Amino acid sequence: MPSLNCPVCGASVEVPNDALPGELFECGDCGAQLEYFMDEKNTASLKVAEEVAEDWGQ
Amino acid sequence: MNIGLSYDVVRFEEKALLQSINNLGHKPLPIHVVAREFWINEGNGLDADFIIQRCVSYNRAAATTAIFERSGYIVVNNTQVLRNSADKLLTSCLLARKNVPTPVTAIALNRETALKAARKIGFPVVVKPISGSWGRNIARAFDEQSLLDILELRENMPNPQMKIHYIQEHVDKPERDIRAFYVWGEVPVAIYRVSKNWKTNTALGGKAQPCPVTDELADLVIKAGDAVGGGVLGVDVLESREKGMLVNEVNGVVEFRNTVLVTGYDLPTKIVEKSVEVLKR
Ligand SMILES: Nc1ncnc2c1ncn2[C@@H]1O[C@H](COP(=O)(O)OP(=O)(O)OP(=O)(O)O)[C@@H](O)[C@H]1O
Ligand SMILES: [Zn+2]
Numbered sequence: 522m523p524s525l526n527c528p529v530c531g532a533s534v535e536v537p538n539d540a541l542p543g544e545l546f547e548c549g550d551c552g553a554q555l556e557y558f559m560d561e562k563n564t565a566s567l568k569v570a571e572e573v574a575e576d577w578g579q
Numbered sequence: 008m009n010i011g012l013s014y015d016v017v018r019f020e021e022k023a024l025l026q027s028i029n030n031l032g033h034k035p036l037p038i039h040v041v042a043r044e045f046w047i048n049e050g051n052g053l054d055a056d057f058i059i060q061r062c063v064s065y066n067r068a069a070a071t072t073a074i075f076e077r078s079g080y081i082v083v084n085n086t087q088v089l090r091n092s093a094d095k096l097l098t099s100c101l102l103a104r105k106n107v108p109t110p111v112t113a114i115a116l117n118r119e120t121a122l123k124a125a126r127k128i129g130f131p132v133v134v135k136p137i138s139g140s141w142g143r144n145i146a147r148a149f150d151e152q153s154l155l156d157i158l159e160l161r162e163n164m165p166n167p168q169m170k171i172h173y174i175q176e177h178v179d180k181p182e183r184d185i186r187a188f189y190v191w192g193e194v195p196v197a198i199y200r201v202s203k204n205w206k207t208n209t210a211l212g213g214k215a216q217p218c219p220v221t222d223e224l225a226d227l228v229i230k231a232g233d234a235v236g237g238g239v240l241g242v243d244v245l246e247s248r249e250k251g252m253l254v255n256e257v258n259g260v261v262e263f264r265n266t267v268l269v270t271g272y273d274l275p276t277k278i279v280e281k282s283v284e285v286l287k288r
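If you read the sequences in order, they're chains A and B. Count the first sequence with my numbering and you get residues 522 to 579, in order. Count the second sequence with my numbering and you get residues 8 to 288, in order.
What the hints contain is simulated information worked out from the structure, not anything from laboratory work. One thing to keep in mind: the hints can contain errors.
Below, computed lysine to any residue pairings styled on SDA-like, alpha-carbon distance capped at 20 Å [what the hints assert, rightly or not]:
hint, chain 1, residue 1, chain 2, residue 2
1, B, Lys22, A, Glu556
2, B, Lys22, A, Phe546
3, B, Lys203, B, Ser247
4, B, Lys206, A, Asp576
5, B, Lys203, B, Arg183
6, B, Lys170, A, Glu575
Label-pair distances were calculated between CB atoms; the ranges are [to be verified]:
hint, chain 1, residue 1, chain 2, residue 2, range
7, B, Arg288, A, Ser524, 39 to 49 Å
8, A, Ser524, B, Trp46, 57 to 67 Å
9, A, Asn526, B, Ala73, 50 to 60 Å
10, A, Asp539, B, Thr120, 20 to 30 Å
11, A, Val573, B, Ala70, 12 to 22 Å
12, A, Cys530, B, Trp46, 33 to 43 Å
No experiment lies behind these values; they were computed from the predicted model shown. Built from N, CA and C at the ideal position, the CB exists for glycine as well.
Based on the provided sequences and hints, a complete structural model is requested.
This is how it looks when you write it as structure tokens:
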């Protein structure tokens with residue numbers, strides 16, 4: 522399992538091998554909601570997850 | 008088959024659907040819509056036999072479904088069904104046209120007419136945004152003054168759609184409602200959502216419990232699902248003490264995590280299997 526840095530507090534967060542871009546993880550240290558993200562060079566990182574918007578839901 | 012899965016956020020549902028696609032021997036093609044460009048005048052290079060739309064954002068779902076369809080792909084659910092279910096006014100009109108029993112509903116375009124309609128319906132009444140989910144901004148008014156207060160708040164909201172007042176009889180239901188699943192004309196599973204809160208949404212803390220799919224329920228849900236155009240839907244049913252089962256609303260990008268958890272029913276596999284069966288023809 523690769524571990525990535527939390528963009529909020531810097532702690533390392535374990536991410537499973539089969540994680541998908543857009544998948545959400547919680548930082549065990551600071552509790553931030555984080556989104557798994559892949560840039561153009563296919564480098565994985567975590568960014569702060571989007572806030573729930575008005576048009577979210579079923 | 009190659010089966011696309013259009014998504015923005017990955018939840019239990021998206022993982023489960025990808026897993027089912029794999030388990031059934033098909034090839035999953037995850038499409039993270041926020042991370043890619045879409046070109047209107049060109050194909051978008053997707054090798055998919057059909058695409059399951061799973062965006063949690065309605066606007067992303069609607070936009071990408073339109074583009075996929077424009078490029079010749081079949082999308083579950085299609086643009087029409089997405090709109091019919093996302094817009095409560097449209098849903099109500101379609102259900103009424105097919106004589107599906109629903110709570111008494113009126114639309115009013117200003118406060119005064121809304122008040123008149125509410126008097127005819129009788130208090131309490133429920134006021135809902137035309138589009139919205141998870142119980143957001145749904146209000147219950149027990150008397151004329153509280154209704155006027157709610158309408159004033161609505162009319163001061165920036166979204167002009169909030170000036171279309173959707174007013175409904177309050178259904179005196181047991182402390183629960185029913186969420187039944189419609190999968191291409193079948194009703195494989197249903198749950199109760201039990202809550203002390205009058206809004207029983209699981210997003211607001213309602214607890215899921217298994218609900219038997221009786222003939223009566225299946226019949227009603229099939230009529231409702233057919234009325235909005237079919238596909239894969241969640242149909243919410245209220246049990247009125249006087250009128251029996253009434254269809255409250257229909258959802259076009261369904262959440263089913265709690266359903267799978269409490270019933271053990273493999274709904275994601277049913278959705279993939281049935282979609283393949285219907286669309287391969
Ligand atoms: N007319 C009504 N009478 C009684 N209870 C109601 C009525 N309309 C809605 N409710 C309750 O409020 C909840 C939310 O209403 P509704 O399902 O219409 O909203 P929603 O925001 O579209 O929710 P969803 O997440 O299911 O899309 C319902 O699950 C039900 O428990
Ligand atoms: Zn952190």
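Hints and how they fare:
Distance restraint check for Lys22/B and Glu556/A: the Cα-Cα separation of roughly 15 Å lies within the 20 Å cut-off, and the hinted pair is therefore satisfied. Of the supplied pair hints, the one linking Lys22/B and Phe546/A holds, its CA atoms being roughly 14 Å apart against a limit of 20 Å. Between Lys203/B and Ser247/B the alpha-carbon distance is near 16 Å, which keeps this suggested pair within the 20 Å criterion. Among the hinted pairs, Lys206/B with Asp576/A is consistent with the structure: their alpha-carbon atoms are about 18 Å apart, no more than 20 Å.
For the hint linking Lys203/B to Arg183/B, the alpha-carbon distance of about 8 Å falls within 20 Å, and the restraint holds. Proximity of Lys170/B to Glu575/A is assessed by CA-CA distance (about 16 Å); at most 20 Å being required, the pair is judged to hold. About 47 Å separates the C-beta atoms of Arg288/B and Ser524/A, a value consistent with the hinted range of 39 to 49 Å. About 37 Å separates the C-beta atoms of Ser524/A and Trp46/B, a value inconsistent with the hinted range of 57 to 67 Å.
Against the hinted window of 50 to 60 Å, the Cβ-Cβ separation of Asn526/A and Ala73/B comes to about 38 Å, which falls outside the hint. Taking the beta carbon of each, Asp539/A and Thr120/B are about 55 Å apart, not inside 20 to 30 Å as hinted. For Val573/A paired with Ala70/B, a C-beta distance near 18 Å keeps the hint of 12 to 22 Å intact. At about 39 Å, the beta-carbon gap between Cys530/A and Trp46/B stays in the expected band of 33 to 43 Å.
This entry does not satisfy hints 8, 9 and 10, going by the numbered hints stated previously.
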